[in-house]
Amino acid sequence: MSAIENSVAEYGWWAVLLFVVLGTYFWRGLGVLLAGHVSQDSEVFKWLSAVTYALVGALTFKLILLPIGALAQVPMTYRIIVCCICLVYITKFKSGLSRGLILGSLLMAAYGLFLSYQSS
Amino acid sequence: MSILYGHLVSRSKCIGHYNSDMDQILQELKKADTFKQAFHLGVKAGLYGPGPVLLAGMVGFGAMSQGVGLNVLQATAISTFMYALPGQIVFIEMMSMGASSSVVAIAVALTSTRFLTMVLTLFPQIPKEKKEPSRMLSVHLVAMSAWAYCMRDFPKMKPEVRYGYFLGIGILCWVLAIPGTILGFVLSEYVPIWVTIPLVFVNPLFFLLSFVDVVIPLNRIAIIVGGIAGAIFYQLYPENALLISGLGFGSLVYGIDYFRRKRKSSS
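In order, the protein sequences belong to chains A and B. For the first sequence, the residue numbers in our numbering are 21 to 140. For the second sequence, the residue numbers in our numbering are 87 to 353.
Treat each hint with caution, since some may be false.
Coverage of chain A stretches by chain B, computed from C-beta distances (three or more under 8 Å per stretch; other residues unrestricted) [unchecked claim]:
#1 42-51
#2 59-68
#3 72-81
#4 103-113
#5 120-126
PhoX-like cross-link-like pairs, simulated, lysine-lysine; straight-line CA separation at most 25 Å [as the list claims (entries may be wrong)]:
#6 66/A - 348/B
#7 214/B - 350/B
#8 66/A - 116/B
#9 116/B - 130/B
#10 122/B - 214/B
Okay, the calculated beta carbon distance ranges per label pair [claimed, not checked]:
#11 101/A - 299/B: 21 to 29 Å
#12 116/B - 46/A: 53 to 61 Å
#13 352/B - 105/A: 29 to 37 Å
Just so you know, these hints were derived from the structure itself, not from any lab. Since the structure is predicted, the reported quantities are computational estimates derived from the model, not experimental observations. For glycine and all other residues, C-beta sits at the position ideal for the given N, C-alpha and C.
I would like the entire structure built from these sequences, with the hints used as guidance.
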């Protein structure tokens, strides 16, 4: 890993981008090479998917519960309530994911309007 | 902004179930017998199906990268060359937290493992031709958007035109990522707060809502355990929290499940 650190020291941010681009492409390229040769029921795949889901789960919870920037101006309770409303909306009412997205965005925009009304 | 939302509203019907536009595309797909026809239908299906949602995600990413202090060239380069939203957000989040570059590289690579399974399920359905666009290149277009639609529609079409359909949807979505990112970046600089807030909220909400479709119990538990671990560890070790929660707790959940299965099969 020191190879990564060294080139980052030399080329900065763009070197890190190169590494993450390669790290992302790695799995796609590997898929082409392995297509038709491996079984997806193997334990390695189960482990990889558990790790991926745990990572994306952590990312999602972090972005919603501990946001930085504009979203931090919205109180935590309001963020959680909006998430719950959208989850219920798409599961109980069988509406598509994008409708849930629109509902959530509108609820967030409403709070933003309330904020700008308050500060004016 | 209102144009984008209007477009999203009018197209929202197509995600998850068919509407009349999508029905018509499918009818034409069944009859399609040249690469070119299938490619055109792919572009069309992309516009009606995954395109708007992907565009909204990239607009949100552009807004987020403006928020963490990147410039527009950096944001666009990320979307173009990584083209994997969760990984992109992990990248800019961890960089802004000051994580070391090797930890960032590992976490991003682990976020993208799903592509392996996606390619392994998708590409064997496309018969190999002697002269075809390089698969090592076109695999960059595999993302949730194109993958979900191809998996759904491939069984309904002739095998020899499937590659064209995949390239149609894939290229359209990839090309949309670029203006989407720039638009989000520029918008969040100039628009009032009530537009910025929903913009940066689109992606977390999208990930959360897509968890509903995860059916395997092991993966459901991994999301919840990883999520809770993430929220806790972010307050203790912000720069390594994602790696701890993903690699550590994901493996833990897998390990428990593995031994439970072992014990069940031996008793």
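Evaluated hints:
Note: the stretch 42-51 of chain A has 9 residues with beta-carbon separation from chain B under 8 Å; the three-residue rule is met and the coverage holds. Look at the stretch 59-68 of chain A against chain B: 6 of its residues bring a Cβ nearer than 8 Å to a Cβ of that chain, three or more, so the hint holds. Check result for the stretch 72-81 of chain A against chain B: holds, 10 residues qualifying (beta carbon to beta carbon below 8 Å, three or more required). By the rule of at least three residues with a Cβ nearer than 8 Å to a Cβ of chain B, the coverage given for the stretch 103-113 of chain A holds, with 5 such residues.
Residues of the stretch 120-126 of chain A lying with their CB closer than 8 Å to a CB of chain B number 6, which satisfies the three-residue condition for coverage. Between residue 66/A and residue 348/B the alpha-carbon distance is near 14 Å, which keeps this suggested pair within the 25 Å criterion. The hinted pair formed by residue 214/B and residue 350/B fails the criterion: a straight-line CA distance of about 42 Å is larger than 25 Å. With a C-alpha separation of about 35 Å, the suggested pair residue 66/A and residue 116/B falls outside the 25 Å cut-off, and the hint is violated.
For the hint linking residue 116/B to residue 130/B, the alpha-carbon distance of about 15 Å falls within 25 Å, and the restraint holds. Between residue 122/B and residue 214/B, the direct Cα distance comes to roughly 17 Å. Compliance with the 25 Å bound is thereby established for this hinted pair. Distance hint for residue 101/A and residue 299/B: a CB-CB separation of about 23 Å, consistent with the stated range 21 to 29 Å. Between residue 116/B and residue 46/A the Cβ separation comes to about 36 Å, which falls outside the hinted range of 53 to 61 Å.
For the pair residue 352/B and residue 105/A, the beta carbons lie near 45 Å from each other, so the given range of 29 to 37 Å is not met.
In the structure shown, a violation is registered for the earlier hints numbered 7, 8, 12 and 13, in ascending order.
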